[in-house]
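Undergrad: These protein sequences, in sequence, are chains X and F. Just so we're aligned, residue 161 is where the first sequence starts under our numbering, counting upward by one. Just so we're aligned, residue 2 is where the second sequence starts under our numbering, counting upward by one.
Quick caveat, the hints were computed from the structure, so don't treat them as lab data. Beta carbons: idealized from backbone N, C-alpha and C, even for Gly. Wrong hints could be hidden among the right ones.
[As the list claims (entries may be wrong)] Stretch by stretch, here's where chain F covers chain X in the computed footprint (C-beta under 8 Å, at least three residues):
no.: 1; segment: 177–183
no.: 2; segment: 216–222
no.: 3; segment: 242–253
no.: 4; segment: 317–330
no.: 5; segment: 333–341
[As the list claims (entries may be wrong)] The list that follows gives simulated cross-link-like pairs (lysine-lysine, DSS-like), each with its CA atoms no further than 25 Å apart:
no.: 6; chain 1: X; residue 1: Lys255; chain 2: X; residue 2: Lys193
no.: 7; chain 1: F; residue 1: Lys186; chain 2: F; residue 2: Lys217
no.: 8; chain 1: F; residue 1: Lys186; chain 2: F; residue 2: Lys199
no.: 9; chain 1: F; residue 1: Lys225; chain 2: X; residue 2: Lys337
no.: 10; chain 1: X; residue 1: Lys165; chain 2: X; residue 2: Lys192
no.: 11; chain 1: X; residue 1: Lys181; chain 2: X; residue 2: Lys165
no.: 12; chain 1: F; residue 1: Lys225; chain 2: F; residue 2: Lys186
no.: 13; chain 1: X; residue 1: Lys237; chain 2: X; residue 2: Lys225
no.: 14; chain 1: X; residue 1: Lys225; chain 2: X; residue 2: Lys181
no.: 15; chain 1: X; residue 1: Lys334; chain 2: F; residue 2: Lys52
no.: 16; chain 1: F; residue 1: Lys132; chain 2: X; residue 2: Lys329
no.: 17; chain 1: X; residue 1: Lys181; chain 2: X; residue 2: Lys193
no.: 18; chain 1: X; residue 1: Lys255; chain 2: X; residue 2: Lys165
no.: 19; chain 1: X; residue 1: Lys165; chain 2: X; residue 2: Lys225
no.: 20; chain 1: F; residue 1: Lys52; chain 2: X; residue 2: Lys329
no.: 21; chain 1: F; residue 1: Lys52; chain 2: X; residue 2: Lys181
no.: 22; chain 1: X; residue 1: Lys334; chain 2: X; residue 2: Lys308
no.: 23; chain 1: F; residue 1: Lys52; chain 2: X; residue 2: Lys307
no.: 24; chain 1: X; residue 1: Lys329; chain 2: X; residue 2: Lys225
no.: 25; chain 1: X; residue 1: Lys308; chain 2: F; residue 2: Lys52
no.: 26; chain 1: X; residue 1: Lys193; chain 2: X; residue 2: Lys165
no.: 27; chain 1: X; residue 1: Lys225; chain 2: F; residue 2: Lys52
no.: 28; chain 1: X; residue 1: Lys237; chain 2: X; residue 2: Lys192
no.: 29; chain 1: X; residue 1: Lys329; chain 2: X; residue 2: Lys308
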Amino acid sequence: MALTKDQFIITSLTENTDVEKAAQLLYDTYWKKLRSFILGYVRSPSDADDIAQESMIRFLRKVQKSGFDLNGPAHVKTYLLTTGKNTAFEFMRDKKYAERAEKAFSEKETDTPEPDTDADQEASAWETFSRLGAACQRLIRLFLEGKKSPEVREILGISSEENVRAQKKRCLQKLDKLQHR
Amino acid sequence: MIPADELSRWEWIEDYLNGNLEEKERKETELEARNNPAFQSEIEEVRRAWKIARDAQTEQVFRDTLTRLRSTEKPAARRGIIRILTVLGTASVAAAIAFVFFLATAPVRMPDPEYDMRVLRSRDPMLLGEKQRKTYEVFFSGQARLTEGNYPAAAALFRQVAATPGLRPYFTEAAEWHLCYALFKAGNWQESEALLQKISQRTDAAYRTDPLERWKMRVQIQWKK
Numbered sequence: 161m162a163l164t165k166d167q168f169i170i171t172s173l174t175e176n177t178d179v180e181k182a183a184q185l186l187y188d189t190y191w192k193k194l195r196s197f198i199l200g201y202v203r204s205p206s207d208a209d210d211i212a213q214e215s216m217i218r219f220l221r222k223v224q225k226s227g228f229d230l231n232g233p234a235h236v237k238t239y240l241l242t243t244g245k246n247t248a249f250e251f252m253r254d255k256k257y258a259e260r261a262e263k264a265f266s267e268k269e270t271d272t273p274e275p276d277t278d279a280d281q282e283a284s285a286w287e288t289f290s291r292l293g294a295a296c297q298r299l300i301r302l303f304l305e306g307k308k309s310p311e312v313r314e315i316l317g318i319s320s321e322e323n324v325r326a327q328k329k330r331c332l333q334k335l336d337k338l339q340h341r
Numbered sequence: 002m003i004p005a006d007e008l009s010r011w012e013w014i015e016d017y018l019n020g021n022l023e024e025k026e027r028k029e030t031e032l033e034a035r036n037n038p039a040f041q042s043e044i045e046e047v048r049r050a051w052k053i054a055r056d057a058q059t060e061q062v063f064r065d066t067l068t069r070l071r072s073t074e075k076p077a078a079r080r081g082i083i084r085i086l087t088v089l090g091t092a093s094v095a096a097a098i099a100f101v102f103f104l105a106t107a108p109v110r111m112p113d114p115e116y117d118m119r120v121l122r123s124r125d126p127m128l129l130g131e132k133q134r135k136t137y138e139v140f141f142s143g144q145a146r147l148t149e150g151n152y153p154a155a156a157a158l159f160r161q162v163a164a165t166p167g168l169r170p171y172f173t174e175a176a177e178w179h180l181c182y183a184l185f186k187a188g189n190w191q192e193s194e195a196l197l198q199k200i201s202q203r204t205d206a207a208y209r210t211d212p213l214e215r216w217k218m219r220v221q222i223q224w225k226k
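Build out the structure end to end from the sequences listed, making use of the hints.
TA: Following this line, the structure appears as structure tokens:
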């Protein structure tokens, strides 16, 4: 049975496959609606673009962290709009536009379910990974690309395969510690 | 057998998580995990670490794709300007095509043959000299041939008038314009075009011809050539 758009997006992002295609589909399906919804809260089109992108990234993190139940109360569109609204408020608070935000909130408040914000509170995998040293990032990327230890040794100019394996283990342990400390 | 040294055990667990172990090895690993909490937490550590790495890579691709897609979107203001320019451009092209079509198909209009005030310039024919009067008669005969549609005959008469020496420039130029038209209608494109060019290049013309009519003739000559 063919997957729906939402099913394809969520499956791809959960399994880390066809990510580019899933991002494109998400963008094509929801970007304009999300952006114009956010423009109801912020005036600047470029701010709306940034907030819309941030909302989509939060959606991705939600999917990565705890999955996304398509049969649950929140659909992808609802989740994105609610996240877009919350992100817009955060943005406005940051810009000391709290008063305008409250007014906009009272006018536009909807009954849509609030997204869980666990994904926002803990550092994302992307943020954690970016805190790793450059050498570790490069080494792990090579393994993620499907390279084997002998190839990695050659590319990075590491003295022995044994050292490659040891460095990989060390880098992954560091990554885990950074995420959970 | 599950390796005893840390490094090999780590890779054994990676193989287990990636489904690369034999059935017997897999069962051995699961049994050890059930009985050994330290080994179980080691498995969890490897699983978590790779998930972070994969999720980070996914987010990077996701971010790059959104950034690329955003950069290809034209800003709304630019979209509006492009739309206006497109409409104006299309309208201009359509107007230009319509104008060329008009020039190519609309008939060339000549002064009223019944009474060309511009040629006589209100002079009483009775007060003209013999030579002038005869030339006027030839001119009006030419106009009559034009009206009948006998263009070669009209051309011959206008050619005669235009070649008559001692006439006012105004009258000679009027004869040339009528000759040009008669040649055009008779299908003598080359001579008509040469004469049209001569008339158009005249900067101190005494007899004014309508530029629109000249353009019509020029386009229609090119069209028919």
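Undergrad: Need the status of pair Lys52 (chain F), Lys329 (chain X): alpha-carbon distance at most 25 Å?
TA: 14 Å, holds
Undergrad: Need the status of pair Lys165 (chain X), Lys225 (chain X): alpha-carbon distance at most 25 Å?
TA: Holds: Lys165 (chain X) and Lys225 (chain X) sit about 20 Å apart, inside 25 Å.
Undergrad: Next pair to validate is Lys237 (chain X) with Lys192 (chain X); report whether the Cα-Cα distance is within 25 Å.
TA: Within the cut-off at roughly 11 Å; holds.
Undergrad: Against the 25 Å threshold, does the CA-CA distance of Lys334 (chain X) and Lys308 (chain X) hold or violate the hint?
TA: Status holds; Cα separation ~21 Å.
Undergrad: Does Lys52 (chain F) lie within 25 Å of Lys308 (chain X) when you go C-alpha to C-alpha?
TA: Holds, because 18 Å separates the two Cα atoms, which is no more than 25 Å.
Undergrad: With a cut-off of 25 Å on the C-alpha distance, tell me whether Lys165 (chain X) and Lys192 (chain X) pass.
TA: Answer holds: Lys165 (chain X) to Lys192 (chain X) is near 16 Å, not above 25 Å.
Undergrad: Is Lys225 (chain X) close enough to Lys52 (chain F), meaning Cα to Cα at most 25 Å?
TA: Holds, at about 10 Å.
Undergrad: Against chain F, does the segment 216–222 of chain X show at least 3 residues with beta-carbon separation below 8 Å?
TA: holds (count 4)
Undergrad: Would you check the hint for Lys255 (chain X) and Lys165 (chain X), treating anything up to 25 Å between C-alpha atoms as holding?
TA: 36 Å, violated
Undergrad: Verify the proposed pairing of Lys193 (chain X) with Lys165 (chain X), using a straight-line Cα cut of 25 Å.
TA: 16 Å, holds
Undergrad: Take the C-alpha atoms of Lys225 (chain F) and Lys337 (chain X), compute the straight-line distance between them, and say whether it is at most 25 Å.
TA: Roughly 86 Å separates the two Cα atoms, so the pair is violated.
Undergrad: Three residues minimum, CB to CB under 8 Å: does the segment 242–253 of chain X make the cut for coverage by chain F? Let me know.
TA: violated (count 0)
Hints 3, 9, 16, 18, counting from the list given before, are not met by this structure.
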